[in-house]
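Enquirer: This is what each chain is made of:
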Amino acid sequence: MTRHHPDSLSLMEYSAGNLSEPHALCIKLHLDKCSHCRSRVDTLDSLGAVMMEQQPKVSVSESMFDSILSKIDSEPAAEPAAAAAPRVSALQKLLGEDLNSLPWKRQLGDVSVLDITDRFPGQKEQVVLQKLAAGGKAPAHTHRGEETTIVLQGAFADQKGVFNQWDFVVLNDEDEHKPVAVGCEDCITLSVLSAPVKLTGTFTRMLNPFIR
Amino acid sequence: MTTLDQKPASSEGRKDQWSQMLQKVGKNQDREAYHALFEHFGPQIKYYAMANGLASHAEELVQEVFVSIWRRSCLYDWRKAAASTWIFTIARNQRIDMLRKMQRTSAEMPVETEDLWQIPGENENEPVTSLHRLMSERRIRESLSHLPEEQITVIAKVYMENKSHQMVADELDIPLGTVKSRVRLALNKLKVILQDQNV
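Just so you know, the sequences run in chain order A and L.
Each position in the first sequence, counted from 1, maps to that position plus 50 in my numbering.
Each position in the second sequence, counted from 1, maps to that position plus 34 in my numbering.
Treat the hints with caution; some may be incorrect.
Said to hold, decoys possible - To give an idea of the chain A side of the interface with chain L (calculated C-beta under 8 Å), a few residues:
#1 E63
#2 V110
#3 T192
I should point out that these hints are in silico values taken from the structure, not numbers from a laboratory.
Note that beta-carbon positions come from the ideal geometry of N, C-alpha and C, so glycine has one too.
Looking at chain A on its own, in the form it has when it is part of the complex:
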């Protein structure tokens, strides 16, 4: 179980570039707002650089350098300006400006969901947005496999604590919880699921998320 910040092992997998796209997205969204974790990743990136430096080297030819030069000469010089242009965040590219106006599907009581797995073609995990109405409760549930969640808006609380915007949470089958949206906003989270959720309460219907 990981709460609030990704653990060092996940950050290392991120730094090495070994995470799936949805998992990398969760980490990136957190890093954008957490300078503490960003600094940990900087150190890990330096570890990567040192590992690369300490491996064997494979010779490269001068002719390869020549073809690199002809590549950069054939490209318009305007590129650097484009590289410096302000970037639209990954979240905006995926979901647009307003999370609240997405085509949410009301699922059960206070819970709405939106499956966005299809935005990550070729990835194995299920990717789901969940919305818990302000003040609302989700039924008690546990998790099969592992579920990585990042809070995109608002906050939720369970027995273990309060999770604010950009907090990072990893839950597994040992974590039964009963989240409640706290504060005056709906709580919206993005979750990456390796397996469907198992309800522990009296519900027997097929359900997904907050309820994940």
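Fit chain L to the supplied structure of chain A, relying on the hints for placement.
Expert: Okay, now just chain L, sitting in the frame of chain A:
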């Protein structure tokens, strides 16, 4: 009083030669410096490509990385990352990008590789943070030399062969927990270093 108070002078002294070269490329499109970077990092990146299963595309990856270095060098700020760290992240991103493009057939990629994996120092909101990042490479190098071989092996597989912790466990035929504890032990050592630097 002491020379440490004279920031510009002491900062200049910390800049390693590759970071100086990269800065020259960024500022003056210096091709001699660019060539020196190619001779130093090209062989490392080629090995990196071969180690993680891109053997038949190794040269292509080296080329992509260097074109990207040229294009982005104007954004490089040596105070935010050492050249080798910056170049490692570009190599990593180009590798990911190459694999993504190979695996996608028709489906679009709404999110670009760089939206998911950032290059250090390119976040505009990032305050310039002293020298600890440059220092960290040197200290990592020192600290790695004291790590037991078994820990280095695991880290090398994660970084160079791009194996997940689970895949490393399978390959070495040891439990996942053992892999994780080796990584943790190694990272603890590096984290101590990070704390040192923040003092």
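Enquirer: Each hint: holds or not?
Expert: Taking the hints in turn, this is what the structure says about them:
1. Hint on A:E63 holds. Least Cβ distance to chain L is approximately 6 Å, under the 8 Å limit.
2. The interface hint given for A:V110 holds, since its Cβ lies 4 Å from the closest Cβ of chain L, which is under the 8 Å cut-off.
3. Interface restraint check for A:T192: the shortest CB-CB distance to chain L comes to about 21 Å, outside 8 Å, so the restraint is violated.
Figure legend: structure checked against the earlier numbered hints; the only hint not met is number 3.
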